[in-house]
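*Asks:* The chain contents come next:
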Amino acid sequence: MKEKILRRSDIGRLIDSVGTKGGAFVAPALVARQVVFKAIKSADEVSFDYILARNSYKEFVFPQTEVVADFTFTGNKVDLRGREVEARDTVVFGARPCEATSLSALRAVFTWDFVDEFYTKREDTLVVMTVGCTKADEACFCTTVELSPESKSGSDIYLRETETGDYTVEALTDRGKAFVELHAGCFEEGDAKLKPLVRPEVIKGIDLGKIQSRLAQRENYADPVWGELTRKCIGCGACTYVCPTCHCFDITDEGTAFEAERRKNWDSCQYESFTLHASGHNPRDFQFKRWRNRFMCKFTYYPNKFSSKGCVGCGRCVRVCPVRLDITEAMEELSK
Amino acid sequence: MSGHEEQSGTTGGYEPKIMAFVCNWCTYAGADLAGTSRMEYRPNVRIIKLPCTGRIDPLFIIKAFENGADGVLVSGCHPGDCHYTTGNYHARRRWIGFKHLMEFTGIDMRRLHFSWVSASEAIKWVDLINNVTDEIKKLGPFMEYRGLKDAPPQAAE
Amino acid sequence: MTDKDMEKTLREKARELLTSGEVKVVIGWGWNRARTKTTPIFITNPDETDRLIFNPLCVNNLSVYLTRKFKDIQALGRPAIVAKGCDIKNIVVLITEAQVKRQDVFIIGMVCEGMVYRQELWKGELTPEIMPTKCHNCDVRNPHVADFVIGGRSAFTPPEAPVGMVFEKIKALDGQAPSERWNFWINEFSRCIKCYACRQVCSLCFCERCITEKNMPQWIETSAHQRGNLSWNLTRAMHLVGRCTFCGECERACPVNIPLNLLNQKMIGVVKDAFDFRSGYDEKTHPPMIVFSPDDKENFIK
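Residue numbers (the working numbering), protein chains in the order written: chain A, 1 to 336; chain B, 1001 to 1157; chain C, 2001 to 2302.
Bound-form chain A, shown alone (with noise of 0.2 Å):
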């Protein structure tokens, strides 16, 4: 059978035709020194040599600051007027799996009880091409999670690459089946050696079942368990914000006594002043009970809430930590 190819080298007409038909493509691109998903615009700037990007796409989808309003005072009027999102079709090629599947569980917290059009419109526009892991490094634990390099959810589109460094190509949606054949010329017919894909080892002794019923217990919030687990840890978001399933923002108004803008921000669970109250209590005063609610957000109100996955396995969290604190060393603590 005659499978649907995408050649490298078609790679830079592929971004051209997406260019001109007004749309964005977003890769992942060497910017210094380290691979990170960017919107490109020409086939050189492409990294094809990486295991994951070190941020998650969903900035593409859910910017790290953007104005949602903006207002003038004149005299005792206040003139506000709200901003709408203007959505460019976006494509993300070299997504990978795990992160794939991150996108139902933002898509669930963004319309749970307000559809947040900020997010959704986004989304609606948004061409998820992934490709199948042919690497994976100690980080990976897409397996543990229940998912692997061949999960598909999420993905409009599904690569695998070839022996000779092309990608086969299954439209898996709606929107990915109209994208294939609105840049058809891109792609060709034809036969392909597929290389192999790299499932990490499955960390043993991690139970989520085991861990979901743990953290269920009342109980167990209080183990002493949480302190020794991060005590480590220094409270900077860099975990929150790499990953692909935090979504957590905060509402700040910026400008002057005349006029401002509201702007949605990037907020992150793991600094002390997420939960300060105004009477200036804060019912997370340790780090560990930040920390404990980032896990059990992933791995209780997450499932429980949306019966999606909170969590990914695409281990970045555990790469970008500056003192190493894993979060699988957790999950298998919590499996006990």
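Please keep in mind that the hints were generated in silico from the structure rather than gathered at the bench.
Since the model is a prediction, treat every value here as computed from it, not as a measurement.
Fair warning: there could be bad hints in the mix.
Short, incomplete list of chain C residues facing chain B, as computed with Cβ under 8 Å [as the list claims (entries may be wrong)]:
| hint | residue |
| --- | --- |
| 1 | Ser2179 |
| 2 | Met2216 |
| 3 | His2225 |
| 4 | Leu2234 |
| 5 | Gly2242 |
| 6 | Val2270 |
| 7 | Val2271 |
| 8 | His2286 |
| 9 | Pro2288 |
| 10 | Pro2294 |
| 11 | Asp2296 |
Only pairs whose alpha carbons sit at most 16 Å apart, straight line, appear in this in silico EDC-like list of lysine to aspartate or glutamate [stated by the list, open to error]:
| hint | chain 1 | residue 1 | chain 2 | residue 2 |
| --- | --- | --- | --- | --- |
| 12 | A | Lys336 | A | Glu228 |
| 13 | B | Lys1149 | A | Glu254 |
| 14 | C | Lys2214 | A | Glu272 |
| 15 | B | Lys1099 | C | Asp2174 |
| 16 | C | Lys2024 | A | Glu228 |
| 17 | B | Lys1149 | A | Glu259 |
| 18 | B | Lys1063 | A | Glu254 |
Glycine included, C-beta positions come from ideal geometry on N, C-alpha and C.
Dock chains B and C against the given chain A, drawing on the hints supplied.
*Replies:* Positioned in the frame of chain A, the structure of chains B and C alone reads:
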């Protein structure tokens, strides 16, 4: 922007906005003397009076640039004359650090001036303002800084 | 002494300290599960001291755990801290700034022949290419303030004129026009994601309420646009003038690789030239920004 119109002179040319952070006891009194002596100087300077130069946090200067200042002037009592004995000595140390930091970051040092003006130096104050204004007028508006906020983040370029 | 011998002595000393009750917790480095990366560990049980390790991967500056941000660690009792010379410099600054009393901490000084810049670079051997600039110019390979020193004396003498990428880059930047420097820094800072890892990992950023958290008014814009990023990075650098010891933790922790070492080292040079002061060497000298001299020299205040 109500209350914040670009000020233009009678010729309609560009007039820079200059922020001056001055101490209450020397430079402000010096500027006051210039006023009561009916000396004329360029109207481009907006003065903020603080108790002492020691109170001037470097962040004030950053904030002034953020809010559209084309130049910043910091001034206080001469060394040894501080109303609080040592405030300006501390300030001087801080400025030595801050000036080099701003220079290293690439801020044009013709936009950031430091001076000592005593209560009796009305003439020095007038000359200072005139010189600083003329210098910044030649440089034009500080567009590099003003443009920062609306520049797109790198990833989305 | 090899790393293995040093580890052995370290474990024995830690056991002795914990058993005698002289300290309640030993702050040191240990392995992660895969034994590929080091991570800070806190030993309170004398039987667990074998988890302590020492090798060129022990990059973390553990002195951050002595600050008041870590109340749960302080609650454990008197700490012993395993520290390289460069980490000890930060402890010295903490002492001069009255954050720690010298007698309240037991310093186990480790003689060090260099660390890797980032743990990911480690291929089993310490070569000059993977060492950070600070190690090439290190004059505290033999710990200068310690209660107990482990390791044979290092014979290393730092070069007279500092060498390394950081110094070369500073020189190159100094030679450029202001607009070129501006473009360089704006480009570097534009990647900032305002995660504040640089602040959190720094043992000298010990304020319980950072200026970024002062929001009435919001002094530093929390948005990660270029203006907010610039004011944050300038303020962070300014608050470390005369204090930073060039331990390099901020740059190591930065998830987007902003070259913070350049800013910090530049300011260290300024302080050295202007006030003849190097921070982190003497716990009895006041930091330059809290004192003054009537004879301070400058040439820009008119």
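*Asks:* For each hint, tell me whether it holds in the structure or not.
*Replies:* Taking the hints in turn, this is what the structure says about them:
For Ser2179 (chain C), the shortest C-beta to C-beta distance to chain B is roughly 6 Å, which falls under 8 Å, so the interface hint holds. Interface hint at Met2216 (chain C): violated, since its Cβ lies 15 Å from the closest Cβ of chain B, which is beyond the 8 Å cut-off. Annotation: interface hint on His2225 (chain C) holds; nearest CB of chain B at approximately 6 Å, less than 8 Å. Interface hint at Leu2234 (chain C): satisfied, since its Cβ lies 6 Å from the closest Cβ of chain B, which is below the 8 Å cut-off.
About 7 Å separates the beta-carbon of Gly2242 (chain C) from the nearest beta-carbon of chain B, less than 8 Å, and the hint is met. Interface hint status for Val2270 (chain C): upheld, as the beta-carbon distance to the closest one in chain B is roughly 4 Å, under 8 Å. Taking 8 Å as the C-beta cut-off, the interface hint given for Val2271 (chain C) holds, the closest approach to chain B being about 7 Å. A cut of 8 Å between beta carbons decides the hint on His2286 (chain C): the least distance to chain B is about 12 Å, and the hint is violated.
Of the supplied interface hints, the one on Pro2288 (chain C) holds, with its beta-carbon coming within about 7 Å of a beta-carbon of chain B, less than 8 Å. Look at Pro2294 (chain C): its Cβ gets to within about 6 Å of chain B, closer than 8 Å, so that hint holds up. Taken as an interface hint, Asp2296 (chain C) checks out: its beta carbon lies about 6 Å from the nearest beta carbon of chain B, inside 8 Å. Simply put, Lys336 (chain A) and Glu228 (chain A) have alpha-carbon atoms about 15 Å apart, close enough for the 16 Å limit, and the pair holds.
Straight-line distance between C-alpha atoms of Lys1149 (chain B) and Glu254 (chain A) comes to about 11 Å, which keeps the hinted pair within the 16 Å bound. Under the criterion of a C-alpha separation no larger than 16 Å, the hint pairing Lys2214 (chain C) with Glu272 (chain A) is consistent with the structure, at around 13 Å. About 14 Å separates the Cα atoms of Lys1099 (chain B) and Asp2174 (chain C), which keeps this hinted pair within 16 Å; it holds. Restraint check for Lys2024 (chain C) and Glu228 (chain A): satisfied, since their Cα atoms lie roughly 15 Å apart, inside the 16 Å limit.
Using a Cα cut-off of 16 Å, the hinted pair Lys1149 (chain B) and Glu259 (chain A) holds, with the two alpha carbons roughly 15 Å apart. Simply put, Lys1063 (chain B) and Glu254 (chain A) have alpha-carbon atoms about 13 Å apart, close enough for the 16 Å limit, and the pair holds.
Going through the hint list in order, the structure does not satisfy hints 2, 8.
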